[in-house]
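Undergrad: Single-letter residue listing:
Protein chains: 2
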Amino acid sequence: MDGVDQLAPERKKAQFDVDEMKIVWAGSRHAFQVSDRIARLVASDPAFRKDNRAMLSRKELFKNTLRKAAYAWKRIIELRLSEEEASMLRSSVDEPAFTDLHWGMFVPAIKGQGTDEQHQKWLPLAYKMEIIGCYAQTELGHGSNVQGLETTATFDPQTDEFVVHSPTLTSSKWWPGGLGKVSTHAVVYARLITDGQDHGVNGFIVQLRSLEDHSPLPGITIGDIGMKFGNGAYNTMDNGVLRFEHVRIPRNQMLMRVSQVTREGKYVQSNVPRQLLYGTMVYVRQTIVADASCALSRAVCIATRYSAVRRQFGSKNGGPETQVIDYKTQQNRLFPLLASAYAFRFVGEWLKWLYTDVTQRLQANDFSTLPEAHACTAGLKSLTTTATADGIEECRKLCGGHGYLCSSGLPELFAVYVPACTYEGDNIVLLLQVARFLMKTVSQLGSGNMPVGTTTYMGRAEQLMQCHCGVQKAEDWLNPSAILEAFEARAIRMSVACAQNLSKFTNQEEGNLFILDIGSLKLFRLRVS
Amino acid sequence: MDGVDQLAPERKKAQFDVDEMKIVWAGSRHAFQVSDRIARLVASDPAFRKDNRAMLSRKELFKNTLRKAAYAWKRIIELRLSEEEASMLRSSVDEPAFTDLHWGMFVPAIKGQGTDEQHQKWLPLAYKMEIIGCYAQTELGHGSNVQGLETTATFDPQTDEFVVHSPTLTSSKWWPGGLGKVSTHAVVYARLITDGQDHGVNGFIVQLRSLEDHSPLPGITIGDIGMKFGNGAYNTMDNGVLRFEHVRIPRNQMLMRVSQVTREGKYVQSNVPRQLLYGTMVYVRQTIVADASCALSRAVCIATRYSAVRRQFGSKNGGPETQVIDYKTQQNRLFPLLASAYAFRFVGEWLKWLYTDVTQRLQANDFSTLPEAHACTAGLKSLTTTATADGIEECRKLCGGHGYLCSSGLPELFAVYVPACTYEGDNIVLLLQVARFLMKTVSQLGSGNMPVGTTTYMGRAEQLMQCHCGVQKAEDWLNPSAILEAFEARAIRMSVACAQNLSKFTNQEEGNLFILDIGSLKLFRLRVS
Numbered sequence: 140m141d142g143v144d145q146l147a148p149e150r151k152k153a154q155f156d157v158d159e160m161k162i163v164w165a166g167s168r169h170a171f172q173v174s175d176r177i178a179r180l181v182a183s184d185p186a187f188r189k190d191n192r193a194m195l196s197r198k199e200l201f202k203n204t205l206r207k208a209a210y211a212w213k214r215i216i217e218l219r220l221s222e223e224e225a226s227m228l229r230s231s232v233d234e235p236a237f238t239d240l241h242w243g244m245f246v247p248a249i250k251g252q253g254t255d256e257q258h259q260k261w262l263p264l265a266y267k268m269e270i271i272g273c274y275a276q277t278e279l280g281h282g283s284n285v286q287g288l289e290t291t292a293t294f295d296p297q298t299d300e301f302v303v304h305s306p307t308l309t310s311s312k313w314w315p316g317g318l319g320k321v322s323t324h325a326v327v328y329a330r331l332i333t334d335g336q337d338h339g340v341n342g343f344i345v346q347l348r349s350l351e352d353h354s355p356l357p358g359i360t361i362g363d364i365g366m367k368f369g370n371g372a373y374n375t376m377d378n379g380v381l382r383f384e385h386v387r388i389p390r391n392q393m394l395m396r397v398s399q400v401t402r403e404g405k406y407v408q409s410n411v412p413r414q415l416l417y418g419t420m421v422y423v424r425q426t427i428v429a430d431a432s433c434a435l436s437r438a439v440c441i442a443t444r445y446s447a448v449r450r451q452f453g454s455k456n457g458g459p460e461t462q463v464i465d466y467k468t469q470q471n472r473l474f475p476l477l478a479s480a481y482a483f484r485f486v487g488e489w490l491k492w493l494y495t496d497v498t499q500r501l502q503a504n505d506f507s508t509l510p511e512a513h514a515c516t517a518g519l520k521s522l523t524t525t526a527t528a529d530g531i532e533e534c535r536k537l538c539g540g541h542g543y544l545c546s547s548g549l550p551e552l553f554a555v556y557v558p559a560c561t562y563e564g565d566n567i568v569l570l571l572q573v574a575r576f577l578m579k580t581v582s583q584l585g586s587g588n589m590p591v592g593t594t595t596y597m598g599r600a601e602q603l604m605q606c607h608c609g610v611q612k613a614e615d616w617l618n619p620s621a622i623l624e625a626f627e628a629r630a631i632r633m634s635v636a637c638a639q640n641l642s643k644f645t646n647q648e649e650g651n652l653f654i655l656d657i658g659s660l661k662l663f664r665l666r667v668s
Numbered sequence: 140m141d142g143v144d145q146l147a148p149e150r151k152k153a154q155f156d157v158d159e160m161k162i163v164w165a166g167s168r169h170a171f172q173v174s175d176r177i178a179r180l181v182a183s184d185p186a187f188r189k190d191n192r193a194m195l196s197r198k199e200l201f202k203n204t205l206r207k208a209a210y211a212w213k214r215i216i217e218l219r220l221s222e223e224e225a226s227m228l229r230s231s232v233d234e235p236a237f238t239d240l241h242w243g244m245f246v247p248a249i250k251g252q253g254t255d256e257q258h259q260k261w262l263p264l265a266y267k268m269e270i271i272g273c274y275a276q277t278e279l280g281h282g283s284n285v286q287g288l289e290t291t292a293t294f295d296p297q298t299d300e301f302v303v304h305s306p307t308l309t310s311s312k313w314w315p316g317g318l319g320k321v322s323t324h325a326v327v328y329a330r331l332i333t334d335g336q337d338h339g340v341n342g343f344i345v346q347l348r349s350l351e352d353h354s355p356l357p358g359i360t361i362g363d364i365g366m367k368f369g370n371g372a373y374n375t376m377d378n379g380v381l382r383f384e385h386v387r388i389p390r391n392q393m394l395m396r397v398s399q400v401t402r403e404g405k406y407v408q409s410n411v412p413r414q415l416l417y418g419t420m421v422y423v424r425q426t427i428v429a430d431a432s433c434a435l436s437r438a439v440c441i442a443t444r445y446s447a448v449r450r451q452f453g454s455k456n457g458g459p460e461t462q463v464i465d466y467k468t469q470q471n472r473l474f475p476l477l478a479s480a481y482a483f484r485f486v487g488e489w490l491k492w493l494y495t496d497v498t499q500r501l502q503a504n505d506f507s508t509l510p511e512a513h514a515c516t517a518g519l520k521s522l523t524t525t526a527t528a529d530g531i532e533e534c535r536k537l538c539g540g541h542g543y544l545c546s547s548g549l550p551e552l553f554a555v556y557v558p559a560c561t562y563e564g565d566n567i568v569l570l571l572q573v574a575r576f577l578m579k580t581v582s583q584l585g586s587g588n589m590p591v592g593t594t595t596y597m598g599r600a601e602q603l604m605q606c607h608c609g610v611q612k613a614e615d616w617l618n619p620s621a622i623l624e625a626f627e628a629r630a631i632r633m634s635v636a637c638a639q640n641l642s643k644f645t646n647q648e649e650g651n652l653f654i655l656d657i658g659s660l661k662l663f664r665l666r667v668s
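In the order they appear, the protein sequences are chains A and B.
Just so you know, we're using the numbering used here here: the first sequence kicks off at 140 and counts up by one.
Just so you know, we're using the numbering used here here: the second sequence kicks off at 140 and counts up by one.
Just so you know, nobody snuck in bad clues.
Given that identical chains are not distinguished, each listed pair holds provided it fits within a single copy or across any two copies.
Straight-line distance between alpha carbons at most 20 angstroms, and here's what the computed EDC-like set of lysine to aspartate or glutamate pairs gives:
hint, residue 1, residue 2
1, Lys455, Glu289
2, Lys467, Asp565
3, Lys405, Asp334
4, Lys491, Asp505
5, Lys491, Glu224
Hint data in this document are derived by calculation from the structure and do not stem from the laboratory.
With these hints in hand, go ahead and build the complete structure from the sequences.
TA: Here is the structure:
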């Protein structure tokens with residue numbers, strides 16, 4: 140069967156309009172056209188070549204990233220791409236790079252936490268990339284617990300400056316992408332100290348390297364933290380380490396939208412509600428869910444095509460063996476992942492709506508939906524990234540030995556994806572947050588506090604605790620409301636049972652172990668048996 | 140807390156004699172002493188340096204492997220190491236290399252499938268490494284289904300030769316380690332054809348490269364199949380591709396222990412039972428289970444030490460944060476993996492006994508325990524490799540962001556380990572074999588055919604189907620026989636229920652999906668709730 144297109148007969152079997160589905164997937168005809176046009180532009184330009192990524196040494200790989208980033212910037216200007224198109228181009232280049240942090244974290248941090256004067260001074264420099272910034276929050280000893288950061292920024296009223304310092308080994312900034320080799324500036328998170336008083340963690344704009352010769356400024360020690368998982372993967376990123384030895388910055392480089400330090404060294408909290416910062420979190424998690432669907436769909440696409448082409452066992456009278464995709468054991472592993480990729484795509488679109496809704500409410504000082512929105516995005520971030528990381532590895536195994544070759548694309552897809560389970564909230568820590576929110580919601584049932592958003596169904600707890608599933612035969616499951624009610628009944632029953640069991644624990648730690656089951660994927664699995 | 144040994148206080152808490160445990164782990168005082176001495180020898184020799192493995196380009200990495208393999212060989216001779224010590228040295232060097240295939244597959248294949256004359260001719264050359272061999276079985280289109288191999292070896296009675304040929308693209312040999320760059324010879328598996336008749340797959344010794352200048356011999360196309368998962372990992376191995384264009388070899392290079400082709404081209408099967416070959420399978424799977432315990436224990440060791448040193452949240456009055464190992468959520472993920480590493484170690488030792496037992500029985504023409512021994516090793520291979528691959532990744536996640544750095548050791552440990560889920564029997568295919576064996580055993584209950592070995596308990600099916608668990612309080616679980624009986628009762632109930640459900644399926648494919656649950660890990664999980 141050499142040389143025959145073995146996918147064509149499979150493709151002919153599609154029972155839906157493939158072109159229409161492309162538009163549904165993209166979100167709109169316009170979104171499809173932009174993404175299709177930009178993807179072709181990137182695919183046809185040899186400067187954006189990707190196939191050698193797993194073959195290059197780290198140094199060559201990183202040089203290549205610098206080259207691509209500069210070239211992408213040049214093309215964006217030459218072609219006068221819109222912001223949407225430019226962002227699509229960067230995502231089609233599909234290579235983690237310092238620019239992700241510059242555009243995705245440094246600029247938004249200044250926009251979100253800076254004052255109008257700070258916007259006027261720093262944003263134009265950042266937009267023109269005359270400065271390149273990163274986001275220096277995580278420390279060697281401190282990840283999830285942001286309140287435990289040790290770097291200090293002590294106000295010196297004599298000189299009207301902050302003194303930024305790394306007092307311990309564990310206070311070294313560790314991980315920031317773009318820091319190791321490229322960034323000239325950083326938003327640095329440090330404990331704000333005025334007159335001996337610790338006011339907790341605040342953001343500061345700090346110049347790291349000379350704009351003349353790119354060497355680190357006095358008092359600053361900086362480096363790359365070395366190889367990461369995979370061949371190419373995140374090794375295109377210069378994740379870095381950074382230490383300060385009493386580095387002085389002017390007072391006006393503290394990001395002062397929410398809290399300020401006056402010329403006299405007085406700490407003032409503005410009347411901007413801190414909750415406003417949660418909007419950013421919803422936004423970032425929405426992009427993570429969208430990325431999950433993108434990564435999982437790529438893995439599923441590879442594994443599905445492979446399963447159609449690969450044949451193994453079942454030859455009759457010396458004829459061809461059976462296509463692997465026709466084995467139930469293969470379908471049973473692959474098809475739920477295919478369905479998940481679509482589900483994540485659509486829930487990602489819904490999260491865009493949630494972000495708009497939350498933003499509008501925040502602007503109207505309505506914080507009522509915030510806890511639910513926070514729990515919902517935390518849960519979805521954890522669920523989709525865990526399922527995607529596991530799903531990519533499952534797709535790799537579904538390709539047998541061939542999935543182990545870099546040429547299958549799957550090893551690098553896995554290696555570049557897995558950090559999503561850890562960054563922006565470790566998945567296990569997030570599940571605990573979801574579980575605690577559910578327990579709180581259960582405890583308030585009957586208090587008149589009606590559950591909102593995705594937990595609205597909990598308001599019907601009494602009915603759901605007693606209802607019987609109306610499904611009689613397999614076809615009845617094709618009715619979405621039957622599935623929805625089954626999930627609702629299961630979720631409320633598990634939550635209430637968990638709350639009851641939880642009341643037996645005096646130690647919160649013991650309880651955490653117990654409620655983890657509730658926050659976890661198990662809640663989202665229906666077993667019909 | 141910079142510079143303080145934070146592990147010392149944890150180590151002091153051990154409630155067992157650590158030195159005694161080392162000996163239990165090694166299997167005997169002698170085994171411990173050998174492994175300890177050789178490990179130190181390797182660790183202290185800069186020629187065996189490992190820390191730069193993830194940093195080298197593929198070419199540099201491979202050159203390094205050649206250098207190490209030659210140097211290891213030199214040291215083995217200089218130090219007059221015993222076979223046990225030499226094998227320990229190679230395993231301490233801890234780098235997949237062509238020598239694994241030469242010693243682990245090529246030599247055993249000739250030993251097991253060759254005649255005495257073939258032993259006399261080839262083994263001395265192989266022992267002195269005057270020839271280097273690999274094991275060319277898997278083809279681009281054929282992995283698990285060995286009977287589907289397409290390479291042909293056609294006897295030509297005119298010249299008393301076999302003509303080895305690759306008739307299709309999918310018949311290209313694909314994956315053999317040591318093939319891509321190093322091997323001079325291979326045991327090639329091909330369909331034996333005499334006088335137009337296909338006698339199925341047999342092994343043949345084929346010279347691939349010139350012993351003068353190492354160039355491929357006429358009619359032979361050969362290459363390296365490229366980068367694999369991870370930075371170092373299996374990229375130290377020259378997995379290769381190989382095609383034959385009517386390559387002629389003398390008749391006496393067919394491995395003729397089990398079947399022969401005479402000078403006249405007559406195919407003869409000897410009276411050596413084919414079952415003898417199963418002994419090798421048990422042996423190989425025993426080493427895979429031993430490797431699983433080794434890989435998992437390394438991952439657990441890293442994650443446990445990290446969990447003791449890492450602190451996050453829970454600081455009281457500005458004191459140090461809580462050690463991550465003290466969180467139940469961490470313990471709940473980590474400790475079962477620690478227990479599994481020990482369990483796999485001990486079951487690996489037991490498999491050594493099983494191998495001896497099977498070998499002795501085979502020599503006495505007793506094949507009665509073979510189906511059970513085969514199912515048992517298939518199940519253990521699948522279970523331990525799946526749990527180890529997942530466990531290494533879980534350990535990586537338990538180290539948070541730090542687990543993503545190659546310097547943690549975990550990414551490479553994962554990348555180098557995962558092929559074990561696919562080679563020597565794909566884990567899902569093996570589970571189906573276990574499940575079918577269990578179903579067959581259930582169907583024969585009451586027929587007078589008493590179940591043997593690890594399935595002996597099934598002979599007590601009636602009692603186990605009805606018994607009640609005697610456990611009243613938590614402490615009762617410390618009694619191993621209570622646990623054993625619970626597992627036995629669960630296993631027989633699941634097996635019988637599955638057999639009953641299975642009888643409803645007319646289509647075997649549908650049934651496979653169903654019985655997979657039985658062969659899978661689920662059988663080995665007890666949930667007490």
